[in-house]
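S.K.: Sequences are here, hints too, so could you generate the full structure?
Chains A, B, C and D, in that order, are what the protein sequence lines are. Residue numbering for the first sequence follows our numbering, beginning at 1 and increasing consecutively. Residue numbering for the second sequence follows our numbering, beginning at 1 and increasing consecutively. Residue numbering for the third sequence follows our numbering, beginning at 1 and increasing consecutively. Residue numbering for the fourth sequence follows our numbering, beginning at 1 and increasing consecutively.
Treat the hints with care, since some could be wrong.
Which copy? The list can't say, so a pair holds if one copy fits it or any two copies do.
What the hints assert, rightly or not - Computed cross-link-like contacts, BS3-like style, restricted to lysine-lysine with a CA-CA straight-line distance of at most 27 angstroms:
hint	residue 1	residue 2
1	K278	K326
2	K105	K278
3	K105	K127
4	K49	K167
5	K278	K49
6	K49	K326
7	K105	K167
In case anyone wonders, no lab produced these hints; they're calculated from the structure.
There are 4 protein chains.
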Amino acid sequence: MSFNTFGQMFRFTTWGESHGPAIGVVVDGCPPGIPISAELIQRDLERRKPGQSRFTTQRREEDLVNILSGVFEDEADGLLKTTGTPISLLIENTDQRSKDYSEIKDKFRPGHADFTYQQKYGIRDYKGSGRASARETAARVAAGAIARQVLAGVTIRASLVQIGPHKIDYANFDWAQTSENPFFCADATAAAQWETYLDGIRKDGNSVGAIIEVVAEGVPAGWGAPIYGKLSADLASAMMSINAVKGVEIGEGMASAMLTGTENADEMRSGNNGPRFKSNHAGGILGGISNGDPIVVRFAVKPTSSILTPRETVTIHNEDTEIITKGRHDPCVGIRAVPIGEAMMACVLADHFLRHRGQTGRDGGVGF
Amino acid sequence: MSFNTFGQMFRFTTWGESHGPAIGVVVDGCPPGIPISAELIQRDLERRKPGQSRFTTQRREEDLVNILSGVFEDEADGLLKTTGTPISLLIENTDQRSKDYSEIKDKFRPGHADFTYQQKYGIRDYKGSGRASARETAARVAAGAIARQVLAGVTIRASLVQIGPHKIDYANFDWAQTSENPFFCADATAAAQWETYLDGIRKDGNSVGAIIEVVAEGVPAGWGAPIYGKLSADLASAMMSINAVKGVEIGEGMASAMLTGTENADEMRSGNNGPRFKSNHAGGILGGISNGDPIVVRFAVKPTSSILTPRETVTIHNEDTEIITKGRHDPCVGIRAVPIGEAMMACVLADHFLRHRGQTGRDGGVGF
Amino acid sequence: MSFNTFGQMFRFTTWGESHGPAIGVVVDGCPPGIPISAELIQRDLERRKPGQSRFTTQRREEDLVNILSGVFEDEADGLLKTTGTPISLLIENTDQRSKDYSEIKDKFRPGHADFTYQQKYGIRDYKGSGRASARETAARVAAGAIARQVLAGVTIRASLVQIGPHKIDYANFDWAQTSENPFFCADATAAAQWETYLDGIRKDGNSVGAIIEVVAEGVPAGWGAPIYGKLSADLASAMMSINAVKGVEIGEGMASAMLTGTENADEMRSGNNGPRFKSNHAGGILGGISNGDPIVVRFAVKPTSSILTPRETVTIHNEDTEIITKGRHDPCVGIRAVPIGEAMMACVLADHFLRHRGQTGRDGGVGF
Amino acid sequence: MSFNTFGQMFRFTTWGESHGPAIGVVVDGCPPGIPISAELIQRDLERRKPGQSRFTTQRREEDLVNILSGVFEDEADGLLKTTGTPISLLIENTDQRSKDYSEIKDKFRPGHADFTYQQKYGIRDYKGSGRASARETAARVAAGAIARQVLAGVTIRASLVQIGPHKIDYANFDWAQTSENPFFCADATAAAQWETYLDGIRKDGNSVGAIIEVVAEGVPAGWGAPIYGKLSADLASAMMSINAVKGVEIGEGMASAMLTGTENADEMRSGNNGPRFKSNHAGGILGGISNGDPIVVRFAVKPTSSILTPRETVTIHNEDTEIITKGRHDPCVGIRAVPIGEAMMACVLADHFLRHRGQTGRDGGVGF
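M.R.: This is the structure in structure tokens:
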């Protein structure tokens, strides 16, 4: 039963609310002998951390990860390695300012999960959105850092490719740029323009949506499975489970509808290491199984629901009112979703790697 | 482990290849006492069946469903009802023409799963695409017919809303039209224009993609779950698992990226039966949980890969060649995906209904 | 959610009632390229089949298995092999005599699941015990035959070791004898005595319980997993899920309570292929993981509940009455449980083999 | 995939090694609105805690539980209640004396999981048995305390009923006695005799096995499920997953083998609230479903493997040697298994309660 657990062989369970003492994740099923360290996990956490620029929330969470179990020092090389048992990671919540919650306690914030949590459970942790807080995604990033270590030979990177109506120009695409601007954007020109645009949004007390593209290179043909275990289905579930995500695409995505069969066919040619594809409309997945080409996934994040513009809403007693969601919020939560998308890609791939190896006894395809 | 099983409490497992003796599905976890019948399942199967118009493949499968287990006649009313035990449904394959498979046996068809199945398993049932055949979706439709019966009070309908570059006009939207044209299209005007367009595609030996919109009305607030059990995540997985699907959207979907927070917020007003939303950008789901509004999902189906235009490919011995995929294929597989999308929506909702009831003891939200 | 599904990577789902048209099983997650055939499955089914001697029910089921999916002829050697996709097996019910069910329709049979199915579901297929019929176990045996093929190098055998108060003498233990008497008993002397004993039980219209011992040889060290995925825990679940089973033991089993630490320790000595154990009190499992020694499991089957001696019971309207369960029943259902125990052992081991391979990338232990 | 997770709807995941910084458990799927508190969980933990008498290990663990997530103060009554989201419980390890591990690092302890963990994973946390430590069971007891709260109306109690060859006399059975002696034994006379017996075992540097009986009263008819989701199968798995357990029985258990059908039948009589059973050979479960009678489970715990008597073993380099396992060990780990057995019973029942409610919409049976 998947409530707070993701994955089947490489699986993780997250827990914690943004305003409780800590959040955390338990990773189970990880192969033994994989080198991991707090530093390595921390590196990924830093990228997701709030307060990195004026375009993300000014909350200050240290996000220091503690490894509580599942590792042991390998005396042969002195490295901390996984033992094959559950890896428990804990991140303390350090920025829980005492504040006045009376407004969000009594009013439903439009676009938030306040109303639906109340309806579902009849009880609601209204502090900092409780379990629905984006803070939960730190736990995913930590799990993803471990998944990356499992995936030797696979490179997973992501870029913001659209913010509001402004798309990147793929002619400018350069992965190296993603660490050079506050948007994790592979197009330096677009990133520069976005600064002005997003400053305007922020000053208006408004917010805006975004699209993230995640690419995994080095995945061998053969990972994934029919029919309900399709790599594409698990990626769709993974990305759609991220807060505020409303759409997921593989390869051509929604634009597939506009293509003809002749345009969309990825023709094949013989290569030195077996067949290669002349194009990648498929986004690296055919019939739910990786084809050896880069796996390309995009997902759309809706604009932050917490805005400074007053919105009509109702109280928990069903009375009409208005609400302004004050606080330190991201004008575009899509920015911080970039490392989260990478983490979810890593977790899905690590899971399918182990599942494929279990069923077939091979790490990848049969080869040529 | 989800390979060929979907769902958690209401769960089904499909089996069978298009050119074997039969295909089928086992539905497990269905509540007891639900009236079902072969006729009722047949009605949904008829809508998916090939050969209904010149726009779908001319293969002729009778698609007659047999209920092999899990039902018993209720003496109180003479109706066949579920007993709570597994319901096994079997559909014989009747149109297995003896034909020459030598071409697809030796060549990988671009856009098909031939190459990836071969790489993954090292052995491949090349007849009629084996397990990757769209025929598997008949099993989903059968399971969906049972799920609908579980969902008393919920109405699930779908419409083709785009074919190639041609979108419907939502001003013309009328559910009644979906049974009046060969496209399950709610816009009669668009449907009329599509006939001409698709005739051209078909005569060119080409194919084209499409977008389907599925809407569920009558779902109470409270179904779904954080975080990895989000209703949206399961719907994304469900739709992405359908053959040829490359994108899934909830509510505003990918277009969320272009909206600002003020535009996207679904404001709330008090109503007689509790709060109501003034708009439905969310597509009926907030924080992964239904909010009482219609659930709106769209998915894109790529153009049929089997086309009569020659495409470059390689042989299973990694030699360059060309292929024309002859046979009786759909110029737009998206058309037949309409009832399949409805079925998957029904299965996801039935599953979440039971999961919600299990955890909370209620059928829906706490109410006002 | 495990209702009618067993296993995680090698998993099967059974369906069907004894008096419906058929029963069956879908095996999912099986590795590709495994040779299987109807003959091979049939061989195991023959051993479970009723009517083999006067000590098992005289019902005559042909138990002919049909393979409906998941296999393909390997052109290299002409053998039918698994393709890695779901294997659907169907067995028709051929001996459904029209008979008078009014008695079991209206009265609860003591020791049967009649009362509990009625209470749980509110509707009950009373014909031939419906889903609770021992006929379901034919599906397990069929799945087990496939699991055996997955387990190259592992030998799984079982023997009846106790019937009523009469135990075998392990000094006489000879696997070859299990095919020489109607009890699958490895002690020829005991088997001869049991004939007289069981004839008496049968003529009295009574029944008796039994204990079965299942042994798997050739399992490498390393299969199984902490903590809730222990090999022992899964074997306990597997055996306890067989109809009428009330106890399961690994190695010394319940008698462990009577041993001291010095007696129970399986001491170790160095061997040519790594450490070996001087005894096997552990039954081949330490900490839930196989240690390379034979896996030894025993389970107790209660006496057949259907007996010709009248028993007090109540009607479905809660009125006192008596019942004699006529029909063609086994005086000792434990006999036919022997091949079922083997099948469940095979399925658990195949599952853990694949799970171990998935997580560690190895088929067995790290070795010495 | 169950490695360190137990249960389906009410499910928990444990993590942590005995000599790491902490151990813990995440409980997911718990219904909302259930009152829990650290005190309540602590009460159960105290019963399992080592050092309670001279018959349990003299290690001193404070076992103080911290609730890190999943609860919220209900303003209506000031009680801390579950919110329906994951409940994370953490227990720090406080008694990690620095000690010399060189012996257990280099030698495999007979009866321990040292050898099998090494073989499976190729890396082993040898400090305090790592993950295989009985300390993990504290996490189960904590989860069980929450499960009890979910099970309003159900009483779960356990008693040690055998230690070595010494059984209790059921004529003396009195639940009240279980809190009056260091053995959780319902027979005061037996408990007194056991003191002398176990003192002898302890002074000999030896250990001994035991049998625990767990009884759940107040479970309505209808919980559990065919076929692989049998209540009995899940209980068998639950108990067999506890460290050192080698046998599990329901009702008559292994002794069922010795009974005849006339003896074993639990006859029925009409009662004011529907049928009642005249005896409970079945242990409250028929066909895997509860029948309304007390659920009776017994399990055998092998003698502690860590003993002061030297035993033959091998080094990790496959060289013959001897080992004495020094340290503060229980002469009979069965004693502390009593509250653990109760906890596992509670978790299985809470899980099946929710599963039954999900599928049928009822809390118990249909009634009369």
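S.K.: Decide, hint by hint, whether the structure agrees.
M.R.: Evaluation of the provided hints:
no., hint, in the structure
1, K278 <-> K326, "between (51 angstroms within a copy, 22 angstroms between copies)"
2, K105 <-> K278, "between (56 angstroms within a copy, 22 angstroms between copies)"
3, K105 <-> K127, "within (8 angstroms within a copy, 48 angstroms between copies)"
4, K49 <-> K167, "within (24 angstroms within a copy, 41 angstroms between copies)"
5, K278 <-> K49, "neither (39 angstroms within a copy, 34 angstroms between copies)"
6, K49 <-> K326, "within (20 angstroms within a copy, 48 angstroms between copies)"
7, K105 <-> K167, "neither (38 angstroms within a copy, 43 angstroms between copies)"
Hints 5, 7 from the earlier list are contradicted by this structure; the remaining hints agree with it.
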